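Two chains, two frames, a set of hints: combine them into the complex.
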Amino acid sequence: MRVVFSLMFLIAGVTCLAQIKSLPSVNVTTLEGNQFNFKNIDNNNNPIIISFWATWCKPCTKELNNIAEIYEDWQDETNVKLVAVSIDDRRSQSKVAPYVNSSGWEYEIYIDSNSDLKRAMGVTTVPHTFLLDKNKQIIWQHRGYVEGDEYELFDEILKL
Amino acid sequence: MKKLFLIALLFSSYSYAQEGEIHGDFQLNLQSYKDDARIGAIAPDEIILNNSFFNLIYSKGNFSTGVRYESYLNALLDYESEFQGNSIAYRYASYSLDNLDVTVGNYYEQFGSGLVFRTYENKGLGVDNAMDGVRIKYNILNSVDIKSFIGKSRTYLEYSDGIIRGIDFETNLFELLALENSTNLILGSSFVSRFQKDNNPKFNLPQNVGIYGLRSNLISGNFNYYLEYVHKYNDPAGSIADNSNNYASGNAIKTSLTYFQKGLGFSFDAHRVDNMEFRSERQQSKEYIINYIPTLSKQHSYTLLAFYPCATQSNGEIGFQSDLYYKFDRGTTFGGKYGTKININYSRVLALDGGSSIKNDSIDFTPTFFGSSNELFYSDLNLELIKKINSKLRVNSTLAFQKYNKDVLEGKLPGEYGIIESTIGVIDATYKLKRKHTLRAELQALLTDDDDGSWSMALVEYTMSPNWFFAIQDLYNFGNDDQKNHYFNFNFGYIKGSNRIEIGYGKKRAGIFCVGGVCKEVPSSNGFSLNISSSF
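First to last, the sequence lines map onto chains S and F. Position 97 of the first sequence, counted from 1, bears residue number 97 in my numbering, the numbering being contiguous throughout. Position 27 of the second sequence, counted from 1, bears residue number 27 in my numbering, the numbering being contiguous throughout.
Just chain F, with the same shape it has in the complex (with noise of 0.2 Å):
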């Protein structure tokens, strides 16, 4: 692989000559970390660690490839600690020709939902599962699209032993068929499958293991239609213990439904999925999934609306999510002068009647198909306002519901924390003090008598366009009887153009956080944090 990215760079240096264009991105993010026995925060022995990443690209034509040099020295703490040393952990060459599209190198790629397969990065959350192998695109009839692929997906920064296959096809049947109309019916099939050896001295494991999706998706005018079924095989991923051995097939069902029309947009979103994990080692933990399962509920940007996030159960729940959004128009009783927004946003999720297959060890257990136990995993109804007040002052508002079963969710113990149910409320209000000079304030309470109680957050931040911005933040657990910790924050930063250096100081709180759909735990700290990030 080595020798053949070699061989494409030097293609590129040559046909430079020809003019070619070279660009990229690099990101620093330095912590220092200091001991705070208050917050439960303990400083590394380096007490300052970094994590950097460049990113190369040369393009010309229909030619493109890149590199990105990672530098990890140590990891932040927010990250896994497998995460260590300098590596140019990403590279790759491709280009285009006739329809045809090759990829040598690292690659990522999605089928469908990402219910079969999905390889991804996202620098804040550590994840990057990139694939390392071939990858064709083609498409005939101007109409079909297929996708093939062969790799080894990436985690941390080695790759596992599975060798992971992968054909996808997706074709509009409306243009397929050359026929005139608005609507389009665009059908895709998926397969993919992994190839590890089989070592184990006990057991006789499949080596070759499969996964398939259908998919539909009917877009006609202010409706689209979205439909996805996939089933695993015989994946002995789950649970191979010295007295237990888990082959139970799996299964997810997707489906989501929206509506608009000039002012008013509604989507509804559900999926039941029942032992759906997919990874890219039998036996390895989730940081080797290469599935997705998107989680059914709203992502939320406000701190305590996030402090409690749903995560995908992939070994088995069902749930649905709604969204209605609607825009009272100026000049109404409810738009006033400048018009009102509001989102109604309403999700669930549960169990599945008697559990997941993954059960399916030494009893013939199928969990019904449409039913759901009681047992609640996650509910979220909030509802957000927005207002411009007036030419000055434009206030946002939000209220939500939430119920977090901290057991399911975390991986606690049955019954050590329970649900934890909470009320929030969020107003965040910007006032314009002149043209590019800006106040924004917000005020955040999350109320609740369960886990560490009451939480309440303000936050003001100045904003000098185009080029400053300030902002401080105090994070306090007021309804904490044993420890009322307040969590001081002060950020500072300076833009201009794709350059952006932000200085923060201040103490973060142990927890999870999600970003693009992925949770992890990380730790409470204290410290100064250096982050320049820049495009060229």
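Extracted from the complex, chain S is given alone in its bound form (with noise of 0.2 Å):
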């Protein structure tokens, strides 16, 4: 055991100055119900924001309903497009198209219905929210949600 301890730290040691940058090879669930492979996400060159949420967390709903009030303008500026991939689980997964169709919200919305992309993607709880380049690479993140924070996440995107 201690042998697999210290090979994975030494990859970690090497490997430090690469942090995690590209999406992973996870399929996530759209809301016609199919197959998604999450690296497949597409915006022709312009910013990428993902964040996760989930229809019963309170911060969540507020970051993207708060967005989603200045959304048209920040896509006339910056092109930008938001990812929403909830967590919800089957007990609430009913509930995410309902909810997002009745908010007005005009993102793309996926359902990562046992947290796997969530897992593969280093986020421990919601909201969580990443911010991608033109080549999509991460390039920003932020945990949970203050009131505000968009304005942050908005000057990141005009930094690209």
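Read the hints as simulated data drawn from the structure, not as lab findings. Heads up, a few of these hints could be off.
25 Å max Cα-Cα, derived DSS-like pairs, lysine-lysine [unchecked claim]: (1) F/K432 / F/K337; (2) F/K262 / S/K58; (3) F/K337 / S/K39; (4) S/K58 / F/K432; (5) S/K21 / F/K496; (6) S/K159 / F/K434; (7) S/K136 / F/K496; (8) F/K496 / S/K159; (9) F/K137 / S/K118; (10) S/K39 / F/K137; (11) F/K123 / S/K58; (12) S/K118 / F/K152; (13) S/K134 / F/K496; (14) S/K58 / F/K496; (15) F/K147 / S/K39; (16) F/K436 / S/K159; (17) F/K387 / S/K58.
In silico negatives: residues of chain S with every beta carbon more than 12 Å from chain F [claimed, not checked]: (18) N43; (19) N44; (20) N45; (21) N46; (22) Y71; (23) Q75; (24) E77; (25) N79; (26) E108; (27) D133; (28) I157; (29) K159.
The structure presented is a predicted model; accordingly, all values stated were derived computationally and were not measured. We treat Cβ as the ideally placed atom computed from N, Cα and C, and that holds for glycine.
See the structure below:
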């Protein structure tokens, strides 16, 4: 066991400069019920925001509702696209599409039913937001949401 | 397995030479305890307890490998004491090639809704029943997904005796028949079985027991309809006592219907469950469950709404829940200047008519299929209103009426507590002081004549985006004639990017806490806490 562990650390040591950059190859589900490999999300060489959320998570819905109010402006200025990944499990999954549509969100929605993508991207709690550059490399991430965090996110998008 | 994993790791370090990626996350949860006779908190001998996790994932192209180091020195009081010591409790290697996906080591899997099989982790609750073994996924004809696995399921830091095998098929029928159609009909079926040696001297127990499931999902435009049926064969896991032996089969049916359009959403979920607990070892406790029956009630996030939470009675229950979401447009009477959102949710769960098949022991008994008894387990009617008052102030308010059968839901003696009826109100107001400075206040009240009587809660939170937050809250049991306890808490934290540090001090109430559909009883406590979480 010790060998495994030290080996892992060796690898970690060697590669500590290479942080998570690209998207993992993990299947998620679309609202139409189809399987979709998440590494294939695309926005024609424009930035992408990935937001992990759940219908029962108040800060998550607050973040996505607040961005929804200014999303059109963000898109006009930067062509950014927001991809919202719901980690609702089967208890609340049937509420995702009704919630999204009643809220009038124009985001691309996926469901990560058993948290496979959440684990692969090192997300321990929701909300957790990532920003991808035009090459779909993760260049910024933020844990949690408090009012006003969207301004920092937008500043980061403008830097791209 | 250890050897195999080593090889995988060597492989990964070799392939790193051709550029790969390392990432992971870290969590530290430290809590100090002290005695507090007033709230019944008893400090453990250690005074300070710790749960920490470190995930490391290496990936390159379609190859990925990872480990999780878990440290319980010793486990927080919220956790079972069986979590003890340090362990690399999770390690895996996987690759995918031409529609074939192979995983060795640990993995999490779910078939359908999970009624047949689901392994998952929830660190907040101390749940992790990861499989250890081999899993293969294969996609044929671009439209049929086959998943198959064999392995043992984890409980605490060990693996169960039972060997679990499973296979699942899923296809999109219209895609399979190459029909141009905007409608999707997704059909699925699964079979899972458990082998466990019979070493019971008295009974001739079945060593192989099985469970199968059939499911369909029709998605057309704004409609979505889901139906699943599962059946469990003679699994004597229920109760094997000296003089009785239960081989009753079990079954469950789950259905949901949703409809949505812009500004409107509706969902309806129902299920009937009869003797459907499936465990990785017969005769074991709930920690060994490897299937999942989603709870039929809204998952509340406000403290007092989640005070008396519903928990699925997998031995037998029938119930439904329905949600309506509606947005009144801006400029209308109810919408006002910014629009108004409402969510109405109702759920009701009852006992099966005549009880569960688990009774089918010495008597030949089968409950009527769609009947329910008058015994209420849980009901919740709640109305949420979300309103932006002006550019600075936003208010969420909720009113709820709940009935909670404490005897059944907490496993007490019949008639010990009865049904707790409560009326709950929550007001959550957010006021923007400056562009990035926000003040938020919550006022909550739970009114009841039952159990410990009425409670109130007040919370004030000040946040400075994107780095700081401070919160104070007090939970007050004002309706308790014996002891009107206060549970005061103070928290502050610092967040930078993907690092988060939070320090807290206060008292926790003993009670049932539920996250992600799983509930557990936690003891009361009083002390400091330090939580660090980080991703890289």
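Is S/K39 close enough to F/K137, meaning Cα to Cα at most 25 Å? With Cα atoms ~18 Å apart, S/K39 and F/K137 stay inside 25 Å; holds.
At 12 Å, judged by beta carbons, does S/D133 keep clear of chain F as stated? 15 Å, holds
Given the hint that F/K137 pairs with S/K118, test it: the Cα-Cα distance must not exceed 25 Å. Given pair F/K137, S/K118 holds - Cα atoms ~19 Å apart, limit 25 Å.
25 Å Cα cutoff - pair F/K432, F/K337: 18 Å, holds
Verdict on S/N44 as a residue remote from chain F, using beta-carbon distances over 12 Å: Label holds. Min Cβ-Cβ 23 Å, cutoff 12 Å.
The output says S/E108 does not contact chain F. Does that hold with a beta carbon cutoff of 12 Å? 16 Å, holds
Looking at S/N45 again, its CB stays over 12 Å from all of chain F? 21 Å, holds
Restraint check for S/K136 with F/K496, where alpha carbons must lie at most 25 Å apart: Status holds; Cα separation ~22 Å.
Against the 25 Å threshold, does the CA-CA distance of F/K436 and S/K159 hold or violate the hint? 19 Å, holds
Measure nothing beyond the straight line between the CA atoms of S/K21 and F/K496; if it is 25 Å or shorter, mark the hint as holding. Holds. S/K21 to F/K496 sits at ~18 Å (cutoff 25 Å).
For a C-alpha distance cap of 25 Å, please report whether S/K58 and F/K496 respect it. 21 Å, holds
Sort out whether S/K58 lies within 25 Å of F/K387, counting only the CA atoms. 14 Å, holds
When each numbered hint is compared with the structure, a violation occurs for hint 3 only.
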